[in-house]
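Enquirer: Order-wise, the sequence lines are chains A, B and C. Quick note: the first sequence, position 171, residue 171 per the UniProt record's numbering, numbers continuous. Quick note: the second sequence, position 102, residue 102 per the UniProt record's numbering, numbers continuous. Quick note: the third sequence, position 581, residue 581 per the UniProt record's numbering, numbers continuous.
Hints listed in this document are in silico derivations from the structure and should not be mistaken for laboratory results. A couple of the hints might just be wrong.
The list treats identical chains as one, so a pair stands whether inside a single copy or across any two.
[Stated by the list, open to error] In silico EDC-like cross-links for lysine to aspartate or glutamate, where the CA-CA straight-line distance does not exceed 16 Å: (1) K132 to D285; (2) K195 to D164; (3) K602 to D497; (4) K516 to E504; (5) K419 to E624; (6) K419 to E623.
Owing to the predicted nature of the structure, the values given are computational and were not obtained by experimental measurement.
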Amino acid sequence: MTDSDADGSDERPVVYELADECTETALETGEYYHATVNGVVEYGVFVDLSDALSGLLHESEIPEDESYDVGDELVVELVEIRENGDLSFSTVDFEEFETVEREFEYDVADVENFDERVGDDVHVEGEVVQVKQTGGPTIFHVRDETGTVPCTAFVEAGVRAYPDIEVDDLVHVDGEVERREGSLQVEAQNIEVLKDGQAEDLRARLEAATEARAEPPELDPLIDWPAMEELYPELREVARFLRRTVLEGRPIRMRHHADGDGMCASVPVQLALEKFIDATHEDPDATRHLLRRLPSKAPYYEMEDATRDLNFSLEDQARHGQKLPLLLMLDNGSTEEDTPAYRTLSHYDIPIVVVDHHHPDPEAVEPLVDAHVNPYTHGEDYRITTGMMCVELARLVAPELDDELDHVPAVAGLADRSKADAMSDYLELAREAGYDEEFLQQISEALDYEAFMLRYDAGRELINDVLNVGDVDETRHRELVEFLADRADQDVEEQLDAAMSHVESERVASGANLYKIDLENYAHRFTYPAPGKTTGEIHDRKVVETGEPVITIGYGPDFAVLRSDGVRLDIPKMVSDLNDEFPGAGVSGGGHLVVGSIRFVKGMREEVLDALVEKMADAEIDEELHSAPTR
Amino acid sequence: MTDSDADGSDERPVVYELADECTETALETGEYYHATVNGVVEYGVFVDLSDALSGLLHESEIPEDESYDVGDELVVELVEIRENGDLSFSTVDFEEFETVEREFEYDVADVENFDERVGDDVHVEGEVVQVKQTGGPTIFHVRDETGTVPCTAFVEAGVRAYPDIEVDDLVHVDGEVERREGSLQVEAQNIEVLKDGQAEDLRARLEAATEARAEPPELDPLIDWPAMEELYPELREVARFLRRTVLEGRPIRMRHHADGDGMCASVPVQLALEKFIDATHEDPDATRHLLRRLPSKAPYYEMEDATRDLNFSLEDQARHGQKLPLLLMLDNGSTEEDTPAYRTLSHYDIPIVVVDHHHPDPEAVEPLVDAHVNPYTHGEDYRITTGMMCVELARLVAPELDDELDHVPAVAGLADRSKADAMSDYLELAREAGYDEEFLQQISEALDYEAFMLRYDAGRELINDVLNVGDVDETRHRELVEFLADRADQDVEEQLDAAMSHVESERVASGANLYKIDLENYAHRFTYPAPGKTTGEIHDRKVVETGEPVITIGYGPDFAVLRSDGVRLDIPKMVSDLNDEFPGAGVSGGGHLVVGSIRFVKGMREEVLDALVEKMADAEIDEELHSAPTR
Amino acid sequence: MTDSDADGSDERPVVYELADECTETALETGEYYHATVNGVVEYGVFVDLSDALSGLLHESEIPEDESYDVGDELVVELVEIRENGDLSFSTVDFEEFETVEREFEYDVADVENFDERVGDDVHVEGEVVQVKQTGGPTIFHVRDETGTVPCTAFVEAGVRAYPDIEVDDLVHVDGEVERREGSLQVEAQNIEVLKDGQAEDLRARLEAATEARAEPPELDPLIDWPAMEELYPELREVARFLRRTVLEGRPIRMRHHADGDGMCASVPVQLALEKFIDATHEDPDATRHLLRRLPSKAPYYEMEDATRDLNFSLEDQARHGQKLPLLLMLDNGSTEEDTPAYRTLSHYDIPIVVVDHHHPDPEAVEPLVDAHVNPYTHGEDYRITTGMMCVELARLVAPELDDELDHVPAVAGLADRSKADAMSDYLELAREAGYDEEFLQQISEALDYEAFMLRYDAGRELINDVLNVGDVDETRHRELVEFLADRADQDVEEQLDAAMSHVESERVASGANLYKIDLENYAHRFTYPAPGKTTGEIHDRKVVETGEPVITIGYGPDFAVLRSDGVRLDIPKMVSDLNDEFPGAGVSGGGHLVVGSIRFVKGMREEVLDALVEKMADAEIDEELHSAPTR
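The following block holds chain A by itself, in its conformation from the complex (with noise of 0.2 Å):
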């Protein structure tokens, strides 16, 4: 009607080329669009100004010297939109104007508020994290700044929709959100990958969302300890980068020691991000897909174990499109042993972060792994135990745990005997929480019979109730602590009961007493305690009997641990000389000053342990060192 507005002007008239997807709210009545003959009819002509806006050129607008063929373009006046959506329009006919792009402009919605929007059509922009095939549609699990949802889109039974969009791409969702059996999701009528401006504005966005929403709490450890001090921050970054990673819908696979700082180390941890996924991901079984923990029973990282664990992740991507896991190895992982394993998993997208207290070997293990924390790099060592350094990983986890856990750091001390200062605050902190040292004593002790009794279990529920983290019973943790401490006690004191006789002594040229005990021969097989163990109780006897320094070898048919107290070995430098000594006796093996285990070939023994003791025999005498845990 009004095709003189614009002439009157000094300026070009706007004549809007509107993009494919705008739809109603890109229409304003009285501006021009380009517009396509997408129909010819007996009273006027339909157009076209987008796919899915259409309109009636009637035919008392159409100049009657004018005629229109399907696919003629034109410019168009929107007249009106009726109340029914339909649309008219007049013709103009401009010498010179200005086109103008119009994007199809949406409001982009939030993920956190789609239990308020059920049945609403809504617009996403946000990252792919998962792509998971069905029998029936296709489910893109996309995340934005406020959480992930999964988005349906369907072809055909099992067949993969939209196939060129993957894990990782940036994308805008069109569709409608529904509740299916109870979960929210998006049944997408369109995805699309984001265009370069728009997909680093997003990749920007997302990227400061997930900043602020990694960003650990401020707080201070449990106890006020330099030497924790030190370790914080380093602790505070492998909490954000688990933050991350669980943000970014990446599953989390923690292998840790089946020991008692292992438990008390990977259980507080696991619990922590079990509250972080559960209060960051909209899917109910999202802690399921994303959280795994599984005991090693070899004292390192094995490759039998990283080929199944590569194996599993595999199959899980493969199967329910899921990225490869972070790999987070607790009271394990810092040592040369470590490395094959690392190496086998260099060679996919899987990030390895590892907390340990075990004696360290950087160079070997750093440049294999994302972060690492280990007390020996900051000239601490194992008395920091890594059950102390996870609880405080835990807390910048999940700070809403905090004083559950209280107990837990002086279970984990006196599980691997650590001798530190700050053990008698952690008492403390402990007998404010209810917990007197023996009893503490009897959960360490309940641990450790409880992971030889599952072996490759993790035993969620059963360890829970065991070291009283989570929901659980008070008296039933009572009651269950106290039979299983003295159970491990009484299966002790049957393997010492035939052990302890058949311990050869010897006293040294240092002074030193030298036990030796025959574990293939002397003490029952395959059952608790482990020859480790086994050796460490011997020892620890002996060291109270005598109170003088002491070193026990307990050897088995290829393998002997090594105790000492008070005397300094140098282990590593020992199997070195014995593989000079001994070509062809196969030595290998570890440990620090007063621990260590070594492997030989079975019919060298006799060769190998005479060698040893003489070595040991010339060994420093000093004081201040004391037995640390054996694995």
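With chain A held as given, fit chains B and C onto it using these hints.
Expert: For chains B and C alone, kept in the frame of chain A given last:
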């Protein structure tokens, strides 16, 4: 209109106070009700009688001098219930009246009839037996006097509905019966815990119904045998306990000795329980969730198995909201060696039932279990095999099994070489069912062989085929048994071919023949037959060969298996004496009269075996005694 | 109206008796039908022609003197089919007529087109290949000439619908095509077993279709090699058998030797079968249900593995109604040691197919299996490796794989040290695909290493990455192979470092060098490389070192691995002689010319080994003979 009605009577009028849940069924025109104003409009006020009942008090019914505000309480008379359900009231103005509370009354529906009530709104009163949190709704499994039905409740995806309602609570569920993928369930509009009076009433009804349904049928044992008659009341009691366990929705975890008699015991009970579960649960997957049969590798309930069972059960409880299971020990479980495992479970709500025929330690076991059936506690012995008892038990759980099991006691007896007089009756019973003794013997050998090959696996279908229990192809059963028995026989022959020439013999002081075989050096390892059976086979041949009293010792590096015919061995005393003589040998073990096994540390084998032989040389000859099966 | 039409003819009029299932398609106006009165109303009577067809006989059409009661039978003429489907009839009164039965005729739909027929009522004729009882409906998987589709039928939750219909029955399903969570299925209104004539007809059509679809493509082997040409017809036959097995909905369980050649054999066949299953089954999960690849730890098919396979298959049959599987043995399965396991399976409907290149016992094996391909049966030998044969087999199953496998035969040949002349052609083929020999060698070592690390796990994704088969990242493949080959190499070096100095040597009578290594005492146990490979590596070094005939014996406590180069060993004869000389030694084992292994009881090791060496001293020198791979 008629507020004069009540005035004329000489009693105070009754005004009803309706419970919040009351619906139209609680109303009658002409009655008086306490009401609360919930809205004031031009033409009157709206009043509430309960959560669901409200109606209009028209201005014409309100005295001119009266005015109401929201929240005011008054007494109204119900004038009319219109067709559309609208209620209209008039005011009354009593000086005195009596208030009577009216509970919401509803017809309680029976779960067993729900297949005819799809689409109806129903009321269920029952006990919560499982609370499963899904990714969508929470599912409460509710048991009434007639069955168990899943009731779904939804607040938010994956969020626990009615978090205060837990397993064992008595509840009233109001909801609609629906069929979901074919299964019946109730979509709950409301679930609430019953108040004291109602709860007591329901508890009594449930208990009475459970008691009636748990009652085993009146049956006679398959054969006329006083010894079995004596055990029958206890087996009935166990049957009642198991039936009650099923009715209460508690899972059953069956552990059994992995040999012929153990199979003959556990397979019939498994089948009977499956039938009973099917008959009493609406959920077609109930059998899979409520029953699990597991062979035990060791001849007692190992701590590791108990730990695994407990861990598994706790995970089921955490993930599926199931009750903790009942543990049913069959052909295992009567000895002191089982008690550490029982003690572990005792900290949890896990009832334990034992049916065994191995020589028991009742004083140690019975305080820890809920039922213990063992012929020795009635002056009988191993000759009543567990298989014989459990066929009766199975019939008491599911009488429809009846003659399907007629051949099983004979197989059990042959498997454990029972010398019971009743064997001839059992063989006759089997003969009538079409089984001659030779073939029964083959079944027992095939079972033993398959138990070895399956290791930790129950092998449900395969064992059913071998034992011909359940829905089995008769021809296949026959052929399979013959093949497997033959195969087992060949393996035994091969083992004895190697071993027999290395058997050492001597005639001891008592006149008995003593045979010794070094199994580590002269038998194949890790193959069928295992050391216990190998020893037994050698022993049996020597008994036949000599026709005199025989003692056989099969020994490995740290164990010895003992068998005797015609010589009375006091194995517990031998173990105790050996421990006194060799404090560092770690001797343990047990057995009874003619069968046993001991363990020791490898390095003391020679001393222990020599002393053992000496003790056996003095053992008393008793022609009555024949070898019972070893484990 | 026109009941005179037929009267004028000289033949008896035809009156149709409609089958119960007939619908409107069976009608034509003017025809005569047998009808039954089902209702009498004021204005006439209603008559039934079939279950679905009934209509009005108006009173005006009924002779005045005639009256009908419900149940009366009469002949009617169809006057009109109204637009709304109502039928109207007139009466006829024939003295004589011929009755012709009219079967229900329907258009049988093709399963392959069901994605275009959602919402339509269709008729399917096919064979039942699986009957799965769910908690809700029963699902019948029905296969027609074009595909397989699930058909659901419901009576009551978890109750078997049509209990008489079983796997292998030929049925007619009438129902509606629907899409359920994206998958196509038929909701059956009716399923019935076809009668003899129809069944025969369908059986013939199915058979013809299956035969056509099972026919492998016409292909030439990858290289021009007469030896392979000779095996080609048998491989085609196996391909046809496997394709038919897939078409018939029978699962395939693949067992393969867990080494390099076994991987090169099984992985291509797995991939090919996956592609063929995907192309022929509607159910998108079919691949997962129908195919399983399992490495065998032992070098033959152990009874324990067979028992586990059988148990697993029977559970699948019981739980999911699947057919029992076909067993496909690859690079294993040709020897007498496999027969006990085959015999166990022979009692069940489990076809067995073997493709192997180890020295076979055709007389023992072939009567027990459905197909057996082995180069020795054609006068060829191990030099045609199983991997070479199976690459051809895979191409015959899924020709689209073609050049994706070009490098695999060369890897297989290197893995088993094939001395085939064709190796140069295979190496050339691989070179053209971008693989040089050194790298192919590394792949073979990496496969062997991963086979050890994965143990019982197939490791699908990981092995695909190593072998570069399927959808693999090329760079990762290259890096991973190099890393793993290097790792394997280091482990071998470490093992030989310990072992080499303990190798004992002597020059025997024949002039050959004989080497002996005590693996129990001078090799690490339970690590890579295992005893067989350790022996092989020592042997290979000695062959290179001496350039003369070499025999190597690696022995443990109860076994010995034998390898020879240039010396002809008759291992079966040695075993038989040893058994004669030492009846209590339990010697068993086997092998062929240059490779073998024997077992014996531990206590007779010295005697057996000494005698073995003596026998070898006399073995004939034959420069032609080179070591084949041991197992």
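Enquirer: Each hint: holds or not?
Expert: Each hint, compared with the structure:
1. For the identical chains of this complex, K132 and D285 are neighbours both inside a copy (14 Å) and across copies (13 Å), given an alpha-carbon limit of 16 Å.
2. When the C-alpha separation of K195 and D164 is checked against a cutoff of 16 Å, the pair qualifies only within one copy, where the shortest distance is 14 Å, while the shortest distance between copies is 50 Å.
3. Taking the shortest alpha-carbon separations for K602 and D497, only the inter-copy value of 14 Å comes in at or below 16 Å, while the best intra-copy value is 26 Å.
4. Only within a single protomer do K516 and E504 lie at most 16 Å apart by alpha-carbon distance; the minimum there is 5 Å, versus 32 Å between protomers.
5. Proximity of K419 and E624 under a CA criterion of 16 Å is satisfied intra-copy only: 11 Å inside one chain copy versus 65 Å between copies.
6. For the homomeric pair K419 and E623, the shortest alpha-carbon distance inside one copy (14 Å) is at most 16 Å, but the shortest distance between copies (66 Å) is not.
Consistency note: the structure conflicts with none of the earlier hints.
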